[in-house]
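Student: Line by line, the protein sequences give chains A and B.
Whatever position you read off the first sequence (first residue = 1), add 2 for the numbering used here.
Whatever position you read off the second sequence (first residue = 1), add 8 for the numbering used here.
Derived from the structure by calculation, the hints contain no laboratory data.
Even for Gly, the Cβ is constructed at its ideal location relative to N, Cα and C.
Mixed in with the good hints there might be a few duds.
Okay, derived cross-link-like pairs now, BS3-like style, lysine-lysine, Cα gap no bigger than 25 Å in a straight line [as the list claims (entries may be wrong)]: (1) A/LYS137 x A/LYS245; (2) A/LYS201 x A/LYS245; (3) B/LYS60 x A/LYS137; (4) B/LYS172 x B/LYS261; (5) A/LYS230 x A/LYS14; (6) B/LYS283 x B/LYS313; (7) A/LYS230 x A/LYS135; (8) A/LYS168 x B/LYS61; (9) B/LYS303 x B/LYS228; (10) A/LYS168 x A/LYS90; (11) A/LYS136 x B/LYS172; (12) B/LYS258 x B/LYS201; (13) A/LYS168 x A/LYS54; (14) B/LYS172 x A/LYS137; (15) A/LYS135 x A/LYS201; (16) A/LYS137 x A/LYS90; (17) B/LYS324 x B/LYS313; (18) A/LYS137 x B/LYS258; (19) B/LYS255 x A/LYS136; (20) A/LYS137 x A/LYS14; (21) B/LYS246 x A/LYS136; (22) A/LYS135 x B/LYS283; (23) A/LYS260 x A/LYS245; (24) A/LYS135 x B/LYS61; (25) A/LYS54 x A/LYS14; (26) A/LYS168 x B/LYS60; (27) B/LYS261 x B/LYS201; (28) B/LYS255 x B/LYS324; (29) B/LYS261 x B/LYS303; (30) A/LYS260 x A/LYS90; (31) B/LYS258 x B/LYS228; (32) A/LYS135 x B/LYS172; (33) B/LYS246 x B/LYS303.
Sample of chain A residues facing chain B (criterion: CB under 7 Å; computed from the structure) [claimed, not checked]: (34) GLY129; (35) LEU130; (36) ALA133; (37) ALA160; (38) CYS163.
These are the residues of each chain, in order.
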Amino acid sequence: MNEQAIRDMALKMRRSILDISHTCNLSAHLGGGLSMVDITATLYGSVMRFQKDNPAWEGRDRFILSKGHGVLGYFSALLAAGIISEEKFATFQTNESDLIAHPVMNMELGMESSNGSLGQGLSLGVGLALAAKKKGMDHKIYVLLGDGECNEGSVWEAVMCAAQLKLDNLVAIVDYNRLQSDGAAPDIIDFGNFEDKWKAFGWNVCGIDGHNIPEIHNALVNCQVEGKPKVLVAHTVKGKGVKFMENNNEWHHNRLTKTHYEQALIELEGN
Amino acid sequence: MVEFTASNARQWSRLGSRGVFGQAILALAESTPDLMVLSADLGNSSGLDRFKKAYPSQFLNVGIAEQNLIGVAAGLAKEGLNVFATSFAPFLSMRASEQIRMNMGYMNLPVKAVAIGSGVSMAYLGNSHYGIEDAAVMRAIPNMTVVSPADCMEIVKCVFAAAKFDGPLYIRLTGAPNNPMVYQGDYEFEIGKAITLREGTDITIVANGTMVYESLEAAKLLEAQGVSATVVNMHTIKPLDTAVLDKAIKSSKLIVTVEEHSVIGGLGSAVAEYKAGFRNAPAQVIIGLPDLFGKTAEYRYLLDKYGLVANKIAQKIMDSLD
């Protein structure tokens, strides 16, 4: 792992996120997009196996953005990884674009699934992981969820199923930023000890700082337990990288005006 | 190798729709190494007990979790496996309807969702277990194809056709053991292509599922009263075979739809939606289950109560011709 290269990639992704959010001139999910950047930068910058010119390559690792509204932290990774072009990225939230506020399955653009309805990605991941086992293939399946998303009962159906099937090729990552649409997650559904919940369901649990690249990398690459699916509970800061957005839920879904954009760029460079 | 003979037809009819579905899957497995059959803990009730013993690695019980059932099925289908996902009609089509919408509709993944015991065949299990709205829900989802086989032989035909079908599919199984037989020998079955079982000159009855047999019987009763009826097995509710409907619209005095489904949103609605585009289309009588959660009773009792038996269908048609 080249830590500096991943850091650089994450910085570039955050800059792309601010640029596109400003130019599209529409509200976008900034907070949850920024909180996951260090995770997707590590995945696409170092951990995941893919061919940028052949995104549908059968041997690729699969990535599913179950928290579908996190597209800014996803499309910016696809851009930085060279899977989608600058021109394509620039179409974000324009009429009939392939890149909208939630992923739409498009294998040419390296997008594995359609999302936007929360609580569905992990089940699809279980199916992909089971298929890989059946076909004797060694690629991995990564599914990124939000902590708010884990309010959905269907997440826990998939959690139980993955453990039962001993899918150690499946990696769930929870962007644990403790804020959801209407406010602070513990005020809405208090999970108590979130990591213990996954452990109780038979998962291999790694609690990490979701902005510490070596920690993310280590948890993704190592920390393997045979016969157990793995979850990274990645403690993150919503809006990470832009001080006035950090832990400020006004930026869950908002429009980036010129003044805010310029301020955000200064804060980003200062980080 | 499955043989579509009269003796098999009789045996399948005795088994009923669940049993024959299980037999069809068992036979399909012989020639389909990439087959996967998923259940949400209703494997035995879906006729799959023999299949799961014979092909344990191709059967998966995901637990009582229909939402997960569809997601897992979609993941397997995306990787090229031939996937059948089964549960009882309401749990499959409604508990998991958004999963079906996202994974099968939006992503267009070729999962074959098989609804066991649709209509009112669940009898004393009650409305919680009836499939009276499933065709309406499934039909409204873009990319979905919806099929309701006419009898047990057609269920076997449909399972084999489904395995070769490249798209998301919802199969709605109606009927019970000792299902009446529409077919007693081999015939051509193609998803999306209706079958005209009887040619008449006055009216056209369009039916599917268990109501195909009742409609054929009703046509005999009508014949005795001087009304000549065409009977169409519209096994595929979506997409409709419009060529057959065009003919009916042009040449029939009356179009009658008959289905073991709510009168809202099923075959009757689909035919009416199509017919609405014609200036001089004949009137339509929609025969189906009423829009209510009624009292629970024996299967045949309910069909009779709601007029879904030959003599009552014929009577309703005669009344509307007066």
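Student: Next, verify each hint and record whether it holds.
Tutor: Taking the hints in turn, this is what the structure says about them:
A C-alpha spacing of about 47 Å is found between A/LYS137 and A/LYS245, which places the hinted pair above 25 Å, so the restraint is violated. Between the alpha carbons of A/LYS201 and A/LYS245 the distance comes to roughly 34 Å, so the proposed pair goes past 25 Å and is violated. A distance of roughly 20 Å separates the Cα atoms of B/LYS60 and A/LYS137; the hinted pair therefore holds under the 25 Å criterion. Pair hint B/LYS172 plus B/LYS261 does not hold up; C-alpha atoms about 38 Å apart against a cutoff of 25 Å.
For the hint linking A/LYS230 to A/LYS14, the alpha-carbon distance of about 35 Å lies beyond 25 Å, and the restraint is violated. A threshold of 25 Å between alpha carbons decides the hint, and for B/LYS283 with B/LYS313 the separation of about 29 Å lies outside it, so the pair is violated. Restraint check for A/LYS230 and A/LYS135: the C-alpha separation of about 13 Å stays at or below 25 Å, so the hint holds. A C-alpha spacing of about 21 Å is found between A/LYS168 and B/LYS61, which places the hinted pair at or below 25 Å, so the restraint holds.
Between the alpha carbons of B/LYS303 and B/LYS228 the distance comes to roughly 31 Å, so the proposed pair goes past 25 Å and is violated. A hinted pair counts as satisfied when its Cα atoms are at most 25 Å apart, and A/LYS168 with A/LYS90 does not qualify at roughly 38 Å. Distance check on the hinted pair: A/LYS136 and B/LYS172 sit about 21 Å apart at the alpha-carbon level, within 25 Å; holds. Simply put, B/LYS258 and B/LYS201 have alpha-carbon atoms about 19 Å apart, close enough for the 25 Å limit, and the pair holds.
Distance hint between A/LYS168 and A/LYS54 is unfulfilled; the C-alpha atoms sit about 30 Å from each other, more than 25 Å. Taking the CA atoms of B/LYS172 and A/LYS137, the gap is near 20 Å; set against the 25 Å cutoff, the hint holds. Among the hinted pairs, A/LYS135 with A/LYS201 is consistent with the structure: their alpha-carbon atoms are about 23 Å apart, no more than 25 Å. With a C-alpha separation of about 34 Å, the suggested pair A/LYS137 and A/LYS90 falls outside the 25 Å cut-off, and the hint is violated.
Only pairs whose Cα atoms come within 25 Å are accepted, and B/LYS324 paired with B/LYS313 is accepted, the gap being roughly 13 Å. At most 25 Å may separate the alpha-carbon atoms for a hinted pair to count; A/LYS137 and B/LYS258 exceed this at roughly 53 Å. Under the criterion of a C-alpha separation no larger than 25 Å, the hint pairing B/LYS255 with A/LYS136 is inconsistent with the structure, at around 49 Å. For the hint linking A/LYS137 to A/LYS14, the alpha-carbon distance of about 37 Å lies beyond 25 Å, and the restraint is violated.
With a C-alpha separation of about 33 Å, the suggested pair B/LYS246 and A/LYS136 falls outside the 25 Å cut-off, and the hint is violated. Taking the CA atoms of A/LYS135 and B/LYS283, the gap is about 50 Å. The hint is violated against a cut of 25 Å. Distance check on the hinted pair: A/LYS260 and A/LYS245 sit about 17 Å apart at the alpha-carbon level, within 25 Å; holds. Taken as a hint, the A/LYS135 and B/LYS61 pair is honoured in the structure, with Cα atoms around 21 Å apart against an allowance of 25 Å.
For the given pair, A/LYS54 sits about 18 Å from A/LYS14 by alpha-carbon distance, which is consistent with the 25 Å threshold. Simply put, A/LYS168 and B/LYS60 have alpha-carbon atoms about 20 Å apart, close enough for the 25 Å limit, and the pair holds. Between B/LYS261 and B/LYS201 the CA atoms are separated by roughly 23 Å; this keeps the pair inside 25 Å, and the hint holds. Proximity of B/LYS255 to B/LYS324 is assessed by CA-CA distance (about 23 Å); at most 25 Å being required, the pair is judged to hold.
With a CA separation close to 35 Å, the supplied pair B/LYS261 and B/LYS303 exceeds the 25 Å bound. A hinted pair counts as satisfied when its Cα atoms are at most 25 Å apart, and A/LYS260 with A/LYS90 qualifies at roughly 23 Å. Restraint check: the Cα-Cα separation between B/LYS258 and B/LYS228 comes to about 23 Å, which is no more than 25 Å; the hinted pair holds. This hinted pair checks out: A/LYS135 and B/LYS172 have alpha carbons roughly 24 Å apart, not beyond 25 Å.
Distance check on the hinted pair: B/LYS246 and B/LYS303 sit about 30 Å apart at the alpha-carbon level, beyond 25 Å; violated. With a least beta-carbon distance of about 2 Å to chain B, the hint placing A/GLY129 at the interface is held under the 7 Å criterion. For A/LEU130, the interface hint holds, since its Cβ comes within 7 Å of a Cβ in chain B; the closest pair sits about 4 Å apart. Interface restraint check for A/ALA133: the shortest CB-CB distance to chain B comes to about 3 Å, inside 7 Å, so the restraint holds.
A distance limit of 7 Å between C-beta atoms decides the matter here; for A/ALA160 the minimum to chain B is near 5 Å, and the interface restraint holds. With a cut of 7 Å, the hint placing A/CYS163 at the interface with chain B holds, because the nearest CB-to-CB distance is about 5 Å.
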